[in-house]
Amino acid sequence: MPKPIVAIPADIKEIEGALWHATPNQYARAALDVAAAMPIIVPAFEDGNDIDTLLDRVDGVLISGAASNVHPSRYGRQATDADGLFDLARDATSLELIRRSIDRGIPLLAICRGIQELNVALGGTLASEIQEAEGMWDHRKPEGDRDVMYSIRQPVFVREGSCIAAYLGTAGEIQVNSLHRQAIARTAPALQVEATAADGTIEAVSVIGAKNFAVGVQWHPEYWAATDRPSRHLFEAFGEAVRTYAAQKDQARPSYDRATG
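Residue numbers (our numbering): 217 to 477.
Treat the hints with care, since some could be wrong.
With a cut-off of at most 27 angstroms between alpha-carbon atoms, the simulated DSSO-like pairs for lysine-lysine come out as follows [as the list claims (entries may be wrong)]:
1. K357 - K229
2. K427 - K465
3. K427 - K219
4. K465 - K219
Just so you know, these hints were derived from the structure itself, not from any lab.
Kindly generate the complete structure, drawing on both the sequences and the hints.
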């Protein structure tokens, strides 16, 4: 059976005066090497994307992290300079991709900016510069090279009996990395909190009543997916859900269509 296909929405980057649709390599490699799926990058447009046509052709959706933040107008707040950087095309693409994936029961894994987009897409809000609030940790990336920035250094507490616990193969305390200054404020009604940091920061959620794998994490399992056990288990579980969905979709096609490809 061919590899299933996982869609990753792009970020808009300006390079030498030209606009590029791009995604960090670490997400594509984790999808390919650990989830055993073929990643494709979805162009980010503020309008014109035909999300259902795309979803007809893929077997899973991976919403990556990014340097930009969801624009506050998406969750009913006035934007300030402190809220940026923004990527309006990414917002328009990812939010609709999330909603339609959930509606259609297509496996969905949302990471960092992705969990924030998942929350906003379903009616939640975000908090900015969370490290400035009393009693909150500094969740921003540490100084250093990329291995240092993505170092596994923070405990989170996974709820017993949660979807995330089943996917990770463990509940209770696990160690993760942390590279964010925004986080979920008001949780969307359709989301279940699955893991938190000791300061109360929401670190993982699942979609209540989802037809398929539909979870988000605030940390970055993709960076260490090849070597860190919880990170690998999460991507393997996502890959298994994607393969199962692809097989079911293939079986639902008419027999003559399967025979001819």
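Status of each hint after checking the structure:
Between K357 and K229, the direct Cα distance comes to roughly 21 angstroms. Compliance with the 27 angstroms bound is thereby established for this hinted pair. Annotation: proposed proximity of K427 to K465 holds, straight-line Cα distance about 14 angstroms (limit 27 angstroms). Taking the CA atoms of K427 and K219, the gap is about 22 angstroms. The hint holds against a cut of 27 angstroms. Of the supplied pair hints, the one linking K465 and K219 holds, its CA atoms being roughly 13 angstroms apart against a limit of 27 angstroms.
Hint compliance for this structure: every hint is met.
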